[in-house]
Amino acid sequence: MSKKKHETPMLDELKKGPWPSFVKEIEKAAVKSETANDTLGQVEKSYRTRRGYWKHGGIVGVLGYGGGVIGRYTSLPEEFPGVKFFHTVRINQPSGWFYTSKALREICDIWDKYGSGLTNIHGSTGDLVLLGTNTESLEAIFAEYSSRGWDLGGSGSAMRTPSCCLGPARCEWSNINTLEINYQLTQEFQDELHRPAFPYKFKIKTSGCAVDCVASIARADLSIIGTWRGKIQIDQSEVQNYAKKGMNINAEIVNMCPTQCITYDGKEMKIDDAECSRCMHCIAKMTKALRPSGERGATLLMGSKAPIVVGSLLSWVIVPFIKLEPPYKELKELIRKMIEWWDENSKPRERIGEVIEIKGMRSFLEYIGVPPSPAQVKWPRKDPFIFFKDEDFEKVFKKGKY
Amino acid sequence: MSTCAAQSTNKVRLAVACCVNMCGAVHCSDIALVALHTKVPPIDHERVGKICEIPTVISSCPTRAISPDPAKKSVKINEEKCMYCGNCFTVCPAIDIHNPESDGVAIVVGGKIGSLRSAPKFSKLAIPFFYNEPPRWPKIIAAVKNILEVYAKNARKHERVGEWIDRIGWEKFFKLTGIEFTFQHIDDFTFMRETMRTTPAFKW
Ligand code: HEM
Ligand code: HEM
Ligand code: SF4
Ligand code: SF4
Ligand code: SF4
Ligand code: SF4
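As you go down the protein sequences, you meet chains A and B in turn.
Per my numbering, the very first residue in the first sequence carries number 1; after that it's consecutive.
Per my numbering, the very first residue in the second sequence carries number 1001; after that it's consecutive.
Because the hints were derived from the structure by calculation, they are not lab data.
Bear in mind that the values here come from a model prediction, so they are computed numbers and not experimental data.
Among the hints, erroneous ones may be present.
[What the hints assert, rightly or not] Below, a list of computed lysine to aspartate or glutamate pairs in the EDC-like style, where the Cα atoms sit at most 16 Å apart: (1) A:Lys-45 / B:Glu-1133; (2) A:Lys-382 / B:Glu-1194; (3) A:Lys-24 / A:Glu-44; (4) A:Lys-359 / A:Asp-343; (5) A:Lys-84 / A:Asp-12; (6) A:Lys-15 / A:Glu-44; (7) B:Lys-1157 / A:Glu-188; (8) A:Lys-332 / A:Glu-180; (9) A:Lys-55 / B:Asp-1096; (10) B:Lys-1073 / B:Asp-1044; (11) A:Lys-337 / A:Glu-295; (12) A:Lys-323 / A:Glu-366; (13) A:Lys-378 / B:Glu-1194; (14) A:Lys-329 / A:Glu-188; (15) A:Lys-4 / A:Glu-27.
[Said to hold, decoys possible] Output of the computed footprint for chain B on chain A, the stretches with three or more beta carbons under 8 Å from beta carbons of chain B: (16) 81 to 88; (17) 185 to 195; (18) 217 to 224; (19) 280 to 286; (20) 306 to 319.
For glycine and all other residues, C-beta sits at the position ideal for the given N, C-alpha and C.
With the rest of the complex left out, here is chain B (with noise of 0.2 Å):
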């Protein structure tokens, strides 16, 4: 990767986090992988009532997915609700959200910092998801690679990342880079009306 490093247009912050709390910067970097996880995490009805404490569990949550099952001494979790946050597992192990098999990694694309020429920006999602492969996930390197490699030839002279993206609009981004478009790409938990086109003007 250190060709294309030499090749492109200014710096670009490569950020990894290994949870959704994205600690450091990693939501405003110019690629930046994040672990997911992608299920309802399963209750230990048994467990919850040993070790945890109900209250707490139920407040931990930030979309309110979680209610009281007095039936069970436990609690039930909302599955519509839920996007998978992992914060009730954080204070009650029972709740247990680790899952090897549809645990993941999605990569999000165009943040930055400084002010300089734009405002700073998220990154925002470009590939929602890879299975986790170690201990040298091919796919999402080869991935990494592909953005880097298109961004470090269309961009122009001190362009970031997010810049680029901005100048020639998401839908050519799509293009280049020839990842596809799902249904997770659109932001359907809190920010859709700001992320909706509102403007016949796109580029085919």
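With the rest of the complex left out, here is chain A (with noise of 0.2 Å):
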């Protein structure tokens, strides 16, 4: 239909080498959208400028929903018409990211045909992503992606699209079921996903163990991390055959294990389970030959986000240990009490951990009926400005006879 419009000769680097480039891709969208085709133009004049030429403008989206389309303009839309709206649609993905090829058809030819052709999959969000429509083509967008069974994504100050590691469907390391729990948040808090009302974006991501695939640690305002309560169960005759095929278990695995709770005689190996901080580096590395057992549940950590606005953070231990298993009352109703604390204490445009940080742990913990713990910092207080409430005298700090 349309041939190429630009000169893109910087661009045109990118498509050298042995790996894929970009600059293919977005060609070959470019034989049948303008879009595309003025995508590589207005690529190709910031790499020759050296700025960008997006910017942010009016709110857009479908009825019945506050979020799931972002606006994206260009700010050169004389220069490049087709990219006078290059808004973003963000469809919630299944847990895990499981899809049929003929799904990933369906949803590719609506897009061919409604859109840009451009999707880089899944964001950093965890939405599905398709990029570059314009605005009037968004109710029929809607309508064809809802008619066969998919939704909008959250964006904006909501509930964004939880996501999770595939987790018990391909991983024999997950201590939780990460794609029922994904999906169970996600029904529970439609309402709040669609329509936003929150102070700030709210995260919720699941991994089924502390390798955390989906680095729920980094960027989810509520970390969820599978875990055990029991020993690691050892196969000594696996323990021997990694031995067999050179591994050096003693550099390798006992000393690198943080809390130096394993040791191996060159025949036997014994893990100390009171001591293992289950951190997985040694299930890791000799998966044949342990394995976590006994009871399994969760770690709550709470508060990670990127630097914007005073400075990353990573989450920090809210709820050492939680039961997770159907229909996950507890965990629903923990979550709807965090979110009602944050909204009471929150200025606009605070995340929750940033809010947890000002107003203190402890009124975090008391509103969501969450006890103190070791496990939640990694040090006490060194400082002796110590706060104290009345009711601690009697309930705590209880006189005793001399």
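Got two chains here, separate frames each, mind docking them using the hints?
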């Protein structure tokens, strides 16, 4: 249909080499799409002038939804009319990002019809991300996707589309059913997801173990990380197989255990389970020989975020251990309380972790009904500036007999 | 770079962020590039009055550097407080933070996400600034390659970049990589307290 509109000598550089090239892909889309064609032109211009030309603009969306579409525009609509609108559509991904090839074809066919044909599949948010369409097409896009069972994802000051690792569907290390938990939370918080009413964004990410494949500890307001309370079971003959295949078990496993709770005398491996902090190193390196056993559940951590606004945070422990079994009532109620507290104590554009920092852990923990625990801190307070409430003297520091 | 990867002792998560929002988990990656502005954005006072909502602009600034300028029916920026984040530009295109001559790229290293062996870590500043040199950014590529090679040569098996640096010490990291240590490396934004060395025990 449309042929190459713009000369792109700088982008052409990035078609060289054995690797996949985003330039080649956009060029393929540009054969059919004016939007993709002008995307190439604008990106080339950015390379030449060393500045960006995308901008925020008016809020756009579909009827009945407060989010799910991100308004994107070029600041050079005369020069690049094809990207006058370049809205992003977020589609709520299935738990663990499982699709049939048929479903992907269907998604792409609809997108070819109404959008630029470009997708980067899964953005950092977790949603399936469709790049580049105009305002008029939005209702039709939504109608087509929703008639096939798809829904929009979250955006703005709302519950963001929860995401999870593929967990028990493919990974033997998973301590919890990440897929089911993620699905249940997505259903539970439909209203919060589609109708932005929070002080700022709220993200929930669930990983089956401390390897944390969805980076929940670095970028979720609520990080749900699967763990266990029990022994690491050892298959001694598999331990010997690792040794035979050349693993230096003392150097690679024993000495690298952060709690120094493993011993190995060349014949038998022993783990002092009471000292194990469940970091996953030994299990990840000797999968066939070691596996967790006993009670399964998760640690709930909160607060992580990227640098904007006052510095990045990693999530820290709030609930050291929670059982997670259907219908996940305790988890759902806890999350509602967390959000309520946040709503009551936050100024606009404050993430929950920042508010906990400002108001203090006590206020937050008391509200959600979680007791203080050494698992929540790296170390206790160092300076003797200590806050007391009257009730503490009655309940905690009782007068004794001398 | 594929040869380095084959030799490296654990996975190396390379990440690129086009702005300080650092979408994804760029701030917790082994080696990451982040695009930066380095100058206080100029204000087009005439346009601010016309196209921007002044209270929104003021509240957009995380460091409270922006205050009203009633005489000009616009805003002013306290240059000492501004750390060039660009939040104001997001809500007000008349404060255009783009500057092709001074915008650039920093390299941060040593972040990790998993809890294996050691706790998750943020990436920390290795090189504060490169000029933006599209389409191939040769100096940045060379610098990343250097860090990757020094890591692959010196780290123990299973050590991630950040674990290797924690073991040898940052002074050793700068020495081995030949990277210059500058004022930009010392945190003077919010977290100086926890980053200063409080022992005379360090390596020459
Ligand atoms: C001619 C009269 C009205 C019109 C045209 C109208 C239109 C609308 C529209 C378009 C929405 C947005 C729906 C959405 O975003 O999901 C809405 C939401 C709402 N309206 Fe009305 N409305 C009218 C009267 C009323 C009245 C009389 C009440 C209450 C006494 C009311 C209460 C609400 C509430 C509570 C919502 C929020 C629902 C939600 O999203 O949670 N409306 N209205
Ligand atoms: C002729 C009368 C009215 C008209 C034309 C009207 C129209 C609307 C419209 C267009 C919205 C837009 C919501 C959106 O875009 O999301 C809305 C929302 C709403 N209206 Fe009305 N409305 C009327 C009367 C009322 C009355 C009398 C009440 C309350 C007693 C009411 C309560 C609400 C509420 C609570 C919302 C929802 C706001 C939100 O979800 O953010 N409306 N209305
Ligand atoms: S986080 Fe753990 S359980 Fe989930 S996919 Fe990764 S290794 Fe497997
Ligand atoms: S899981 Fe970590 S702490 Fe526990 S025994 Fe293995 S290496 Fe040691
Ligand atoms: S917000 Fe920043 S890091 Fe995220 S996609 Fe945009 S430019 Fe890249
Ligand atoms: S660039 Fe950031 S710090 Fe500087 S004035 Fe704008 S919002 Fe404030």
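Hints and how they fare:
Restraint check: the Cα-Cα separation between A:Lys-45 and B:Glu-1133 comes to about 14 Å, which is no more than 16 Å; the hinted pair holds. Restraint check for A:Lys-382 and B:Glu-1194: the C-alpha separation of about 13 Å stays at or below 16 Å, so the hint holds. Taken as a hint, the A:Lys-24 and A:Glu-44 pair is honoured in the structure, with Cα atoms around 13 Å apart against an allowance of 16 Å. Restraint check: the Cα-Cα separation between A:Lys-359 and A:Asp-343 comes to about 13 Å, which is no more than 16 Å; the hinted pair holds.
Distance check on the hinted pair: A:Lys-84 and A:Asp-12 sit about 24 Å apart at the alpha-carbon level, beyond 16 Å; violated. Using a Cα cut-off of 16 Å, the hinted pair A:Lys-15 and A:Glu-44 holds, with the two alpha carbons roughly 13 Å apart. Simply put, B:Lys-1157 and A:Glu-188 have alpha-carbon atoms about 44 Å apart, too far for the 16 Å limit, and the pair is violated. As the CA atoms of A:Lys-332 and A:Glu-180 are separated by approximately 13 Å, the hinted pair is consistent with the 16 Å bound.
Taking the CA atoms of A:Lys-55 and B:Asp-1096, the gap is near 11 Å; set against the 16 Å cutoff, the hint holds. The hinted pair formed by B:Lys-1073 and B:Asp-1044 meets the criterion: a straight-line CA distance of about 11 Å does not exceed 16 Å. Between A:Lys-337 and A:Glu-295 the alpha-carbon distance is near 26 Å, which puts this suggested pair outside the 16 Å criterion. Between A:Lys-323 and A:Glu-366 the CA atoms are separated by roughly 20 Å; this puts the pair beyond 16 Å, and the hint is violated.
Taking the CA atoms of A:Lys-378 and B:Glu-1194, the gap is near 13 Å; set against the 16 Å cutoff, the hint holds. Taking the CA atoms of A:Lys-329 and A:Glu-188, the gap is about 10 Å. The hint holds against a cut of 16 Å. Taking the CA atoms of A:Lys-4 and A:Glu-27, the gap is about 8 Å. The hint holds against a cut of 16 Å. With a threshold of 8 Å between beta carbons, the proposed coverage of the stretch 81 to 88 of chain A by chain B is violated, since 0 of its residues qualify and at least three are required.
Using a Cβ-Cβ cut-off of 8 Å, 0 residues of the stretch 185 to 195 of chain A lie near chain B, which falls short of the minimum of three, so the contact claim is violated. With 3 residues having a beta carbon nearer than 8 Å to a beta carbon of chain B, the stretch 217 to 224 of chain A meets the requirement of three or more and the stated coverage holds. Remark: the stretch 280 to 286 of chain A is confirmed as covered by chain B, as 4 of its residues place a Cβ nearer than 8 Å to a Cβ of that chain, reaching the required three. For a cut-off of 8 Å, the count of residues in the stretch 306 to 319 of chain A with a CB near a CB of chain B stands at 8, and the three-residue condition holds.
Going through the hint list in order, the structure does not satisfy hints 5, 7, 11, 12, 16 and 17.
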